[in-house]
Amino acid sequence: NAGVMQNPRHLVRRRGQEARLRCSPMKGHSHVYWYRQLPEEGLKFMVYLQKENIIDESGMPKERFSAEFPKEGPSILRIQQVVRGDSAAYFCASRRDAVYSDTQYFGPGTRLTVL
Amino acid sequence: KQEVTQIPAALSVPEGENLVLNCSFTDSAIYNLQWFRQDPGKGLTSLLLIQSSQREQTSGRLNASLDKSSGRSTLYIAASQPGDSATYLCAVSGWDGANSKLTFGKGITLSVRP
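Going down the list, the protein sequences come from chains R and H.
So for the first sequence, my numbering puts the first residue at 1; every next one is plus one.
So for the second sequence, my numbering puts the first residue at 1001; every next one is plus one.
Not one of these hints is a red herring.
Derived EDC-like pairs (lysine to aspartate or glutamate); straight-line CA-CA distance at most 16 Å:
(1) LYS1106(H) - GLU40(R)
(2) LYS27(R) - GLU72(R)
(3) LYS44(R) - GLU1003(H)
(4) LYS51(R) - ASP97(R)
(5) LYS1106(H) - GLU41(R)
(6) LYS44(R) - ASP56(R)
Which chain R residues stay away from chain H? Per the calculated CB distances, all over 10 Å, these:
(7) ASN7
(8) THR113
(9) LEU115
Simulated from the structure, these hints should not be mistaken for laboratory data.
Note that the Cβ used here is the ideal one computed from N, Cα and C, for glycine as well.
Construct all of the structure, not just a fragment, from the sequences and the given hints.
As structure tokens, then:
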């Protein structure tokens, strides 16, 4: 059973370009979370999605950031017109449907560098 | 707003020592608490999850306890080894079980000296 997969593992973009980060949850998991880890900071929640629905995007910047989790395919975190402050590690986590909160399994992360 | 604190930020111990990592949180209305391990440049590995109704969980040399009323958790590592060197993160899940987003501490970077 493959774990959570993220690609690319490393991404370099110039200011003003777009960054697309992909996350494939574990098999059977329909809940996806995105977190961001800035240098010298802890991980911060960005957005929570279930298939085709955004449940909570309270941690996501209002502009330039968007996320989706389509019926088929991976979840995508999209950052438009990247700036240097977007340089960070972006982690995706997934969990199965559960009556109560269940363990979140994390992917290896995508390290975004904005030049 | 939930805040999670882990002090100290770094810890260095000799191999073989038993040690305790502390975590505190401000809002006791949590659903569960997880301890993770993060190696440099890597993702997070879940070590232990404690439901709010539980007091502790054990896995091998690791034991995590939870005192929800006082907003504290500890991760006990027995007979530490150099391979235990990593950053240990504590995270809590909010009361709304439908959304188990995690609030993380900044982590404790542990170095176990041979």
